[in-house]
Amino acid sequence: MYKVAVYRTEHFNAAHRLHNPAFDDATNDRLFGKCNNPHFHGHNYELIVKLTGEPEKDTGYVYDLKKLSDLIRKEILQRFDHKNLNLDVPEFSELNPTAENIAMIIYGILRPLIEDHLDLQVRLYETERNFVEYPA
Amino acid sequence: MVYLTRLEHFNAAHKLYNPAWSKEKNEAVFGDCANENWHGHNFNLYVTVKGTPDEGSGFVMDAKHLSRLIKEHVIEKLDHKNLNLDVDFLSGKMCSTENLIVEIWKQLEPHIQANVTLHSLKLYETPRIYVEYFGE
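Same order as they appear, the protein sequences are chains V and W.
Residue 1 is where the first sequence starts when you use the working numbering, and the numbers rise one by one after that.
Residue 1 is where the second sequence starts when you use the working numbering, and the numbers rise one by one after that.
If you are wondering where the hints come from, they were derived from the structure by calculation, not from laboratory data.
Please note that a few of the clues may not be correct.
[To be verified] Selected chain W positions facing chain V (Cβ under 8 Å, derived; list incomplete): (1) G58; (2) D86; (3) S91.
[Stated by the list, open to error] Dumping the calculated PhoX-like pairs for lysine-lysine here, alpha-carbon to alpha-carbon at most 25 Å: (4) V:K34 - W:K93; (5) W:K71 - W:K25; (6) W:K25 - V:K34; (7) V:K34 - W:K64; (8) V:K66 - V:K3; (9) W:K77 - W:K25; (10) W:K93 - W:K64; (11) V:K34 - W:K71.
For each residue, glycine too, the CB sits at the ideal point set by N, CA and C.
Next up, chain V with everything else stripped away, as it sits in the complex:
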């Protein structure tokens, strides 16, 4: 059999701030610039979840995409959508909510909930022009 990749796109919007409390204000400003605004800023995030595996004999599906959508909504969007990532999402209480870290956290939440024989990859757009993938 051949492996096929299937994708589901979902979206959420959130406020965040890039800040490292171990550094002084000047260093934070140098590292994170406008993203360090203490009053936060925000984005419309677009999340693409990719699953790779062999289509099942009975259904022809790699994974039921409606089921994947429900899973992403329940596990990710309910935690992240219309939230302040720094203040409302416990995973970022001590972790800088960069796109890189958000993608890795999303992967960590979804990985145990998806069968082991399927490869999982997360692509996260923070803006139309900035996006990350994990695992790379």
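Given the coordinates of chain V, work out where chain W should sit on it, guided by the hints.
Quick look at chain W alone, frame taken from chain V:
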């Protein structure tokens, strides 16, 4: 008459919350957008001016100059900001996209050169939600 449009973008945090109302009423009217810890968006702003192309240049207006005007008078005040807390011209106003577009018009219109007219603004809060304003 030719219409010239320039697209600029900014991202910002905000919340929809009327301090004159109870928390319950705010949540009933604004739902997730009332989150006291803010949320955020990538905003896209379309600015359209109209005029007759200049004989010498062929331009209605130099699009690069229009871009600079929008950046100086609008984007620099809004980008990576908290709309409720950081923006002088939104102070005391509800930070809906409708109110935002009217205030952007007031910031920009006085700086448009005499031989062209500001025709319209279109402001996308998400790829699926936008407002338009024609200065009326």
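Verification of the supplied hints:
1. G58: G58 (chain W) check fails; min Cβ-Cβ to chain V is 30 Å, beyond 8 Å.
2. D86: 5 Å, holds
3. S91: 13 Å, violated
4. V:K34 - W:K93: 24 Å, holds
5. W:K71 - W:K25: 37 Å, violated
6. W:K25 - V:K34: Given pair K25 (chain W), K34 (chain V) is violated - Cα atoms ~34 Å apart, limit 25 Å.
7. V:K34 - W:K64: 24 Å, holds
8. V:K66 - V:K3: 20 Å, holds
9. W:K77 - W:K25: 30 Å, violated
10. W:K93 - W:K64: The hint is violated at about 31 Å.
11. V:K34 - W:K71: 15 Å, holds
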